[in-house]
Amino acid sequence: MGGHLSDAEYKSQVRAVWKATLWLSIITIVEVVAALIWPESAPKMPLNIFFILASLLKAYFIVGEFMHVKYETRALAITILAPTIFLVWFVIAFLWEGGEWLNLREYWGVIDPNAVHAPTPADHGHGGGGHH
Amino acid sequence: MASENAVAQGDWGGGKSPFNVSYGKLMMWYFLLSDAFTFSALLISYGAIRFSSPYWADPNVAFSKMPFMGDANVPLGFVSIMTFILILSSVFVVLAVIEGHRENKAGVMKWMLGGIIGGIAFLGCQAWEWTHLISHGNNIWENHYGPQAFGMLFFLITGFHGFHVFSGICLNIWAFVNSANGEFGRRKNGYEMIEKVGLYWHFVDLVWVFVFLAFYLL
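Chains D and W are the protein sequences, given in the same order. Position 4 (the first sequence) corresponds to 4 in our numbering; numbering is contiguous. Position 90 (the second sequence) corresponds to 90 in our numbering; numbering is contiguous.
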């Protein structure tokens, strides 16, 4: 879409871009700080839910503002965004499946259910954990 | 038959985009949608394999080194810088798109150059990160932080994303050259090509949000 922008439109567009940038930066800083200060002993679930919601918020700013979807016609926004609903099923189905693989491997004794910790740096000589 | 009834009585006859965008931009969007599913498949595979492992890497341990800082422990420090570089690069390209709407060639070139430099800086950081990990014995066969799959998926997915960054830089350079030599200025649709390559570039930034989430945060 060509055409000239008025000075007022130009200024408001540039301002909107920097505002979205500020939000993206703040969210990223909060995420990293949360990752660092979250106590080792606390349950990870609330933190992980926060990370996922914060990432979706960042995606909103990138798609809406930078990729301009907020200003496109409703029909275009729907044709782009509606198919991503399949991802909800995709995530749930395959994470569920992954959990089930773990259950099966423990049930059949393929892996030791007590080996639930990563190798420590002291284990360097043994070359990591994965032996398939 | 009155022409205003044509729409109500007949099929849509074409000639005007119902989405109010050009064919090229719409097709770029559909390509990005398909690419989003490709990346989703990779990241969801990562999730499924991670859920099937009895233990996994701790990102605060695996990603805690910075260039020029030796063995100093800076969890997530370097990757945060990489994230900011990519966000800023994306911002520069948005500003190039806005200058394109004003047909301001110098403005387009200035911001596009910023976007290109940001992209190259990001790739340089990734090269350092890979080199550091590989030279310390972390590769697709073994790593010190988690199961073998952690290393394989890390190099597969960040590599696939890095390749998108690389191709995005090539597109941005091509768009910069065609702005500089006046090619876009002569076109009937002006600097619309900046919008199309810009969409691709923002998509690379969008994917990084979720790569960052999967590997460095969760």
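FYI, nobody ran anything at the bench for these hints, they're computed from the structure. Any given hint could be a false lead.
Partial list, computed: chain W residues near chain D (C-beta under 8 angstroms) [to be verified]:
id	residue
1	F51
2	K65
3	M69
4	P75
Chain W is nowhere near these chain D residues, computed Cβ spacing over 10 angstroms in every case [stated by the list, open to error]:
id	residue
5	Y10
6	P39
7	A42
By construction, the Cβ of each residue, glycine as well, lies at the ideal position given by its N, Cα and C atoms.
Taking the hints in turn, this is what the structure says about them:
The interface hint given for F51 of chain W holds, since its Cβ lies 3 angstroms from the closest Cβ of chain D, which is under the 8 angstroms cut-off. With its C-beta approaching chain D no nearer than about 13 angstroms, K65 of chain W sits outside the 8 angstroms limit, and its interface hint is violated. Using the Cβ-Cβ criterion of 8 angstroms, the hint placing M69 of chain W at the interface with chain D is not satisfied: the shortest such distance is roughly 16 angstroms. Annotation: P75 of chain W was flagged as interfacial toward chain D, and the flag holds, the nearest CB pair being 6 angstroms apart, inside 8 angstroms.
With a cut of 10 angstroms on Cβ distances, Y10 of chain D falls inside the contact zone with chain W, its closest approach being about 6 angstroms. For P39 of chain D, the non-interface assignment is confirmed: its Cβ lies about 12 angstroms from the closest Cβ of chain W, beyond the 10 angstroms cut-off. Annotated as non-interface, A42 of chain D keeps its C-beta farther than 10 angstroms from every C-beta of chain W; the closest such distance is 14 angstroms.
Against the hints set out earlier in the document, violations occur for numbers 2, 3 and 5.
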